[in-house]
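Trainee: Once you have looked at the hints, place chain B on chain A.
2 protein chains.
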Amino acid sequence: MKRVKIKAKGRVFEGVALPSDDNKLVLKLDSGYNAGFYDYEILEEKEVEMHEFVPQRFESRENLGTIKVISTGGTIASKVDYKTGAVTSQFSAEEIVADIPELLEIANIDAELLYNILSENMKPDYWVKLARRVHEAVRDGYDGVVVTHGTDTMHYSASALAFMLRTPVPVVFVGAQRSSDRPSSDAAMNMICSAHTALSDLGEVTIVMHGTTADEFCYIHRGVKARKNHTSRRDAFESVNYSPLGKVFPDGRIDWIAERFRRNERELELYDKFEEKVALIKYYPGLGPEILEFFHDRGYRGFVIEGTGLGHVSTDWVETVKRIAEDSVIVMTSQCLWGRVCDRVYDTGRYLLRAGVIEGEDMLPETALIKLMWLLGNFDVEDAKMLVKENIVGEINPMLGYEDLTI
Amino acid sequence: MKRVKIKAKGRVFEGVALPSDDNKLVLKLDSGYNAGFYDYEILEEKEVEMHEFVPQRFESRENLGTIKVISTGGTIASKVDYKTGAVTSQFSAEEIVADIPELLEIANIDAELLYNILSENMKPDYWVKLARRVHEAVRDGYDGVVVTHGTDTMHYSASALAFMLRTPVPVVFVGAQRSSDRPSSDAAMNMICSAHTALSDLGEVTIVMHGTTADEFCYIHRGVKARKNHTSRRDAFESVNYSPLGKVFPDGRIDWIAERFRRNERELELYDKFEEKVALIKYYPGLGPEILEFFHDRGYRGFVIEGTGLGHVSTDWVETVKRIAEDSVIVMTSQCLWGRVCDRVYDTGRYLLRAGVIEGEDMLPETALIKLMWLLGNFDVEDAKMLVKENIVGEINPMLGYEDLTI
Chain A
1359 MKRVKIKAKG RVFEGVALPS DDNKLVLKLD SGYNAGFYDY EILEEKEVEM HEFVPQRFES
1419 RENLGTIKVI STGGTIASKV DYKTGAVTSQ FSAEEIVADI PELLEIANID AELLYNILSE
1479 NMKPDYWVKL ARRVHEAVRD GYDGVVVTHG TDTMHYSASA LAFMLRTPVP VVFVGAQRSS
1539 DRPSSDAAMN MICSAHTALS DLGEVTIVMH GTTADEFCYI HRGVKARKNH TSRRDAFESV
1599 NYSPLGKVFP DGRIDWIAER FRRNERELEL YDKFEEKVAL IKYYPGLGPE ILEFFHDRGY
1659 RGFVIEGTGL GHVSTDWVET VKRIAEDSVI VMTSQCLWGR VCDRVYDTGR YLLRAGVIEG
1719 EDMLPETALI KLMWLLGNFD VEDAKMLVKE NIVGEINPML GYEDLTI
Chain B
1359 MKRVKIKAKG RVFEGVALPS DDNKLVLKLD SGYNAGFYDY EILEEKEVEM HEFVPQRFES
1419 RENLGTIKVI STGGTIASKV DYKTGAVTSQ FSAEEIVADI PELLEIANID AELLYNILSE
1479 NMKPDYWVKL ARRVHEAVRD GYDGVVVTHG TDTMHYSASA LAFMLRTPVP VVFVGAQRSS
1539 DRPSSDAAMN MICSAHTALS DLGEVTIVMH GTTADEFCYI HRGVKARKNH TSRRDAFESV
1599 NYSPLGKVFP DGRIDWIAER FRRNERELEL YDKFEEKVAL IKYYPGLGPE ILEFFHDRGY
1659 RGFVIEGTGL GHVSTDWVET VKRIAEDSVI VMTSQCLWGR VCDRVYDTGR YLLRAGVIEG
1719 EDMLPETALI KLMWLLGNFD VEDAKMLVKE NIVGEINPML GYEDLTI
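If you're matching them up, the sequences are chains A and B in order.
Residue 1359 is where the first sequence starts when you use the numbering used here, and the numbers rise one by one after that.
Residue 1359 is where the second sequence starts when you use the numbering used here, and the numbers rise one by one after that.
Hints should not be assumed to be uniformly reliable.
No copy is singled out in the list; a pair is fine if it fits within one copy or between any two copies.
Here are the simulated lysine-lysine pairs, DSS-like style, with alpha carbons at most 27 Å apart [said to hold, decoys possible]: (1) K1404 - K1365; (2) K1481 - K1680; (3) K1635 - K1487; (4) K1382 - K1680; (5) K1680 - K1635; (6) K1605 - K1631; (7) K1382 - K1631; (8) K1635 - K1605.
Honestly, the hints are just simulated from the structure, not real lab data.
Keep in mind the model is a prediction, meaning the values are calculated, not measured.
If we strip away everything but chain A, and leave its shape as in the complex, we get (with noise of 0.2 Å):
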């Protein structure tokens, strides 16, 4: 890491440079807070080795378990800025650690930051990076993994890790939808809630946020399950077309309510290739099949409709979709969200499934593209046809056919 000495508006600044997902500079002042900038001249840098951010040991307790903490940004690392209204990612995992001590008498933590980015700043090859991650903490006997993270994305990464990754302990993403320095926050107790469910019997990929507006208790999501369907309420997160795995309190009571995979159930494997050429189309009325066109003339090979109702689109596409799906995945996922993509009951998908399609069945159009990216990075595109219909890590639904969902 740089430690840096720059003069802005006039003073000179000079702190530990953080890792910032844009033209600005965060700098870690002496004074312990963090300033960004964005006009500044730089004075002097040198190169210093910042140990006490990689990773941060907190004092341990023989009693009790051990937490890894990887920091990626988001809200949950994030403070406002009065000067402006804004809000900005601005903590460490060792801060945001510091900041809620009633986290060291859950859990012995080590807090690592990976990232300091807003979520809708992701890409697919930072997941693989944190993957990796997350498969270093397990293979180094961590009992379980705690990833602070951005809502706007939290699923879409969720889901990757929850592909890429066999986890035999907990692995937990956590944000917050108000920054930590405001009385309506929420972050102290999505992680508390989060350090209870790290050290539970669980062994998958899994998101933990409020599950009412008030500080009652937290839902654990399952990653592929859940989506974020609120842009500013704190029980933002919901779990479609499955049960939340649990509710857990923030005294540690954890009330578990669906089939979950348990701790040492799978061995830890990782499988961290990933193809990036992946589309989610959103179709509507008017949308004519040249946008299939368009990436596929750019090495798409994998697609992922979000059509309307049981799985469909205007009978216009079925000659491209016929073609296309020759050598690449197309998968049907519906916008409605909830429910199973059924395309043998009306002639549109019955038209579209001799071309080709794939039903998705009730996976999450979210869900679908992370999957379909992760099967093309891992096999060729006639395997990964096969396989998208599988279910490979409780990503499908199997106990709700679409004649039970129809009452």
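Mentor: What follows is chain B alone, placed relative to chain A:
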């Protein structure tokens, strides 16, 4: 219309050709039964007057109001083909009405077949033709209009009519999730509730569908605030970011819930221009801004982005957004669906605002798409930029601010 004699499957069939949305020939046979054919040979065809179809007036009763029913196809006009198991659109408007004798106790009904298509095949110019036909019906003095429609894109069509038509009387979209020849069909109750709604003290475009999975009541949704949120359940439609306007019971009782446009509150007006070249783009990690250029190069000047969270895309997009916003309208909505867009909270949003993005407030992405198609049909780009943030027909809920929503 044409009367056709064909040979198919070794037999001769004769009947009137009904509108069909693909290469299938649908004949209304003299037996009254409708049949669809793919492989056939035409033996004879002649033009016939089919006054029985457009419009069909049922026996009139002086003490009842009068409703126009316009049929466009969909499941509500469908039955199961027990040979193939598929559901196809086969009923005309008067067949739907004749099948539900209770309707004739509620209102005098004139029925008309406009289209016979599954709603995934709806297109913007079909909306224009439909709006004109509804406008004529209101001008002709009907107390209300019911449009039967496939559920897949019913909320897009209802939004389109809401913007094109200022109506002093109820315009009710209704569909069914299960075809009317199935025991669990919702077609009859939805039609009955729609007829009651069409005679009520209401003056806007609505969607009336099952409120629960049981046959208890229907919700009256504001067209521009409704969405199909389940692939198959009978209560698939929900109001998003606004309450349903009311509950309507099969016996005619209506419990009004939310502020609505009343009967005769607005004068009848039709603005039937529509610009089809508007793109709806759902953002996901890894999607580059070239997608904006793809549409822009094809003459698109309207863009609705379905961003993450409060309304974000990767900061990689900012330069492209800025260039395209010079001669185009770019509206930001959220893939969260619930909640309000606010691009003033995080850095990314602020960059996007500076680049020319316009906040779509609490509008559904689908509604924002239709609104922008309508605005660019009737106004130039600069006026459309101003008007897209204005609440025109109830599509923006001004009552809940960002802070109110964040509890």
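Trainee: Each hint: holds or not?
Mentor: Status of each hint after checking the structure:
{"no.": "1", "hint": "K1404 - K1365", "result": "within (16 Å within a copy, 87 Å between copies)"}
{"no.": "2", "hint": "K1481 - K1680", "result": "between (30 Å within a copy, 22 Å between copies)"}
{"no.": "3", "hint": "K1635 - K1487", "result": "within (18 Å within a copy, 40 Å between copies)"}
{"no.": "4", "hint": "K1382 - K1680", "result": "between (47 Å within a copy, 19 Å between copies)"}
{"no.": "5", "hint": "K1680 - K1635", "result": "both (19 Å within a copy, 25 Å between copies)"}
{"no.": "6", "hint": "K1605 - K1631", "result": "neither (33 Å within a copy, 51 Å between copies)"}
{"no.": "7", "hint": "K1382 - K1631", "result": "neither (31 Å within a copy, 45 Å between copies)"}
{"no.": "8", "hint": "K1635 - K1605", "result": "neither (37 Å within a copy, 46 Å between copies)"}
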